[in-house]
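Respectively, the protein sequence lines represent chains F and B.
If you count by this note's numbering, then the first sequence holds residues 2 to 270, one letter each, in order.
If you count by this note's numbering, then the second sequence holds residues 1217 to 1608, one letter each, in order.
Hints should not be assumed to be uniformly reliable.
[As the list claims (entries may be wrong)] Below 25 Å or equal to it, Euclidean Cα-Cα: the simulated DMTMM-like pairs (lysine to aspartate or glutamate) are:
(1) F/K238 to B/E1337
(2) F/K227 to F/E210
(3) B/K1352 to F/D176
(4) F/K209 to B/D1522
(5) F/K238 to B/E1360
(6) B/K1502 to F/E220
(7) F/K218 to B/E1472
(8) B/K1502 to F/E240
(9) F/K162 to B/D1585
(10) F/K190 to F/D250
(11) F/K222 to B/E1498
(12) F/K223 to B/E1360
(13) F/K132 to B/D1585
(14) B/K1353 to F/E231
(15) B/K1390 to F/E242
(16) B/K1536 to F/E210
(17) B/K1534 to F/D101
(18) F/K197 to B/D1490
(19) B/K1436 to B/D1490
(20) B/K1502 to B/D1385
(21) F/K238 to B/E1355
(22) B/K1502 to F/D53
(23) F/K227 to B/E1360
(24) B/K1353 to F/E210
(25) F/K190 to B/E1472
FYI, nobody ran anything at the bench for these hints, they're computed from the structure.
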Amino acid sequence: MSMKSTQYSEKTLDHFRNPRNVGTLEGDDVAMGRVGNPVCGDLMEIYIRIEDDRIKDIAFQTFGCGSAVATSSMITELVKGMTLDEAMKVTRSSVADALDGLPPVKMHCSNLAADALHAAIKNWREGIRPKDFSTEFPTYVGKGCSTPSHPVKGEEEFLGKGAYNNKPDPSELLDKRVLVFDTGDESAKFAVELDKHTGRVIFMTPSKEPAMDAGLKMELKKSDVKVLYESNLTEIKGEGEVEKVVVNDLDEDNQYELFVDAVVIIRED
Amino acid sequence: MEAELKSDVYLDYQSSKPVDPRVVEAMTPYFSELFGNPSSLHLDGDRATEVLESSREKIARFIGADNREIIFTSSATESNNLAVIGYAMRKKGKGNHIIISEVEHISILNIAKYLEKNGFEVTRVPVDQYARVNLKKIEARINERTILASIGYASNEVGTVQPMAEIADLLNSKGVALHTDAVAAEGLIPIDVREVPVDLMSLSSNDIYGPRGLGVLYVKKGTGVAPMILGGGQERGLRSGTENMPAIVGMAKAAEITGDEMTGETSRLATYRDRLIKGVLETIPKSYLNGHPSERLPNNAHFRFDAVEGESLLLSLKDKGISASTGSACSSKTLEPSHTLIASGLLHEEAHGSLEFTFGRFNRDSDVDRVLEALPGIVERLRGLSPLYEKE
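The whole structure should be built from the sequences, with the hints applied where relevant.
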């Protein structure tokens, strides 16, 4: 039977409406697996508490569509109490089957739940703990890429035509979509300041957690500045003026275009 | 199956509209009683011709056109094909360059791809953060081979209305023909080809509460278009096939009603829209309006919410009996997020969190209350599940 994209089984809807085991776990006996990418519309984290090589407790958090929520909820029920070897054998299709099937277009979501679980088990076995995700893992992906040392492709061509290598007067950027590249606290401060003048400010940083003054971090968080983590600027493009940039997603290792009207790379020379 | 077959709060008028009962009434006799074919020479044929032409006149009046400038087709999609491919084929001796915007309806995007495969060159004009086209950017892309530009009158997604009069003036001064897909705008803002001199314009019947299966292409006098469907030479040879009389009568009635009621109706819808926008932005943290703050269709409220995904929002609203729409990839066939939102400068994850409400003729004030009651809790619940939302 063919299903339309929103036609979920009753069981799937039940898990979406009343997800089981939502949350996080803490402790030395906990491992976590994280898969997905918010850029693709889904991010999933599964936490497992291990005792005698068994999953004693499990919890999840999911950003994603209805089936992403339902499959992560379902898998937590499926594997609770299993040994790690048994849980490694839970496949993508076992999750979908347990939900009485998923619409074909949603099958990739069921992959994520199994992948997140397997990642958690793998991390446990390799001794990687949830806290490592924020501390021991490298903060900067790619060394020395916080400031592009040489001009970004197109930067010189568009200087004065939407590209800036110093701090422009915010009044020049009213109503523009501005991308500010992370070149340190000055650039973050400028992004926050600019947010008061224009509707759209994107702060792009190659880092996962940019090192900056704590007060500034708070201000950035409170503002409407959109922070784009783990990303690098590859190229500036346009027809006579800046119209878009090519972004390199360092986490996923892929490239995409982002429409902007101005690019600010504050270079301290 | 406990799912309700019909939502009690329908807020997805951009994707489909009910046929107005007054339209159904006008159409009914043309199925079995008055079944004549306008091409026949007998009395039944003559009567059908009269009805066909008076219907054409009603639709012409709706947009300030002349009768002879109205061509009936089977859908706005067909009108887009006839306009863009038909014009390109007719003018290919003069040039092979066509301009469209980054925020066109999918039918125009796919027509553009087809033309690119067939020797034409297509350039896309970027839009600003509100999905609005900038005249200077169109001008910068015109060259000596440019024959046609196709720019939608308004966005069916984010509701932004394009500066069509200025665009038409610019293109007229450059000798480039202008086609516009006006489906999203028709019936919601006044459209008059005498004031906004476009050369070709696509309209749909259902979008003014007429029956499906009928579209119109306005072809300004003197504009040459090569037909796509060949046959008995109906519609001045531009679109062969026996006329769909019940639908034509229906669309004419729909145009008449819409024309008569537009002023009051659009201000009623704008009141709902404004109340919804204000309510959502005030009660839901990290919520934003997509599209232009003022140059927008009176019935369109389009939002995005940080850290929640649009299909989950739709599903949750469905549980509360509310129908809406989203630009999230998870609700599309291609699993790609809305190109309109991306062209407006949004990141993929932001486009995934978008939610569109479009009001229409049968909405009431209380429908706004229903959304404002349901939505904050839904967003909060989904954010509670989401690892992306930073809890304060």
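Hints and how they fare:
Distance check on the hinted pair: F/K238 and B/E1337 sit about 19 Å apart at the alpha-carbon level, within 25 Å; holds. A hinted pair counts as satisfied when its Cα atoms are at most 25 Å apart, and F/K227 with F/E210 qualifies at roughly 14 Å. This hinted pair checks out: B/K1352 and F/D176 have alpha carbons roughly 16 Å apart, not beyond 25 Å. Between the alpha carbons of F/K209 and B/D1522 the distance comes to roughly 18 Å, so the proposed pair stays at or under 25 Å and holds.
With a CA separation close to 23 Å, the supplied pair F/K238 and B/E1360 stays within the 25 Å bound. Taken as a hint, the B/K1502 and F/E220 pair is honoured in the structure, with Cα atoms around 15 Å apart against an allowance of 25 Å. With a C-alpha separation of about 58 Å, the suggested pair F/K218 and B/E1472 falls outside the 25 Å cut-off, and the hint is violated. At roughly 33 Å between alpha-carbon atoms, B/K1502 and F/E240 are farther apart than 25 Å, so this suggested pair is violated.
As the CA atoms of F/K162 and B/D1585 are separated by approximately 46 Å, the hinted pair breaks the 25 Å bound. With a C-alpha separation of about 23 Å, the suggested pairing of F/K190 with F/D250 holds against the 25 Å cut-off. Distance hint between F/K222 and B/E1498 is fulfilled; the C-alpha atoms sit about 19 Å from each other, no more than 25 Å. A hinted pair counts as satisfied when its Cα atoms are at most 25 Å apart, and F/K223 with B/E1360 does not qualify at roughly 50 Å.
Between F/K132 and B/D1585 the alpha-carbon distance is near 44 Å, which puts this suggested pair outside the 25 Å criterion. Restraint check for B/K1353 and F/E231: not satisfied, since their Cα atoms lie roughly 31 Å apart, outside the 25 Å limit. A distance of roughly 22 Å separates the Cα atoms of B/K1390 and F/E242; the hinted pair therefore holds under the 25 Å criterion. Restraint check: the Cα-Cα separation between B/K1536 and F/E210 comes to about 39 Å, which exceeds 25 Å; the hinted pair is violated.
The suggested pairing of B/K1534 with F/D101 holds, with an alpha-carbon distance near 21 Å, which does not exceed 25 Å. Taking the CA atoms of F/K197 and B/D1490, the gap is near 24 Å; set against the 25 Å cutoff, the hint holds. For the hint pairing B/K1436 with B/D1490, the CA-to-CA distance comes to about 36 Å; that exceeds 25 Å, so the pair is violated. Restraint check: the Cα-Cα separation between B/K1502 and B/D1385 comes to about 40 Å, which exceeds 25 Å; the hinted pair is violated.
For the hint linking F/K238 to B/E1355, the alpha-carbon distance of about 18 Å falls within 25 Å, and the restraint holds. Pair hint B/K1502 plus F/D53 does not hold up; C-alpha atoms about 44 Å apart against a cutoff of 25 Å. About 41 Å separates the Cα atoms of F/K227 and B/E1360, which puts this hinted pair outside 25 Å; it is violated. With a C-alpha separation of about 37 Å, the suggested pairing of B/K1353 with F/E210 is violated against the 25 Å cut-off.
This hinted pair does not check out: F/K190 and B/E1472 have alpha carbons roughly 57 Å apart, beyond 25 Å.
Hints 7, 8, 9, 12, 13, 14, 16, 19, 20, 22, 23, 24 and 25, counting from the list given before, are not met by this structure.
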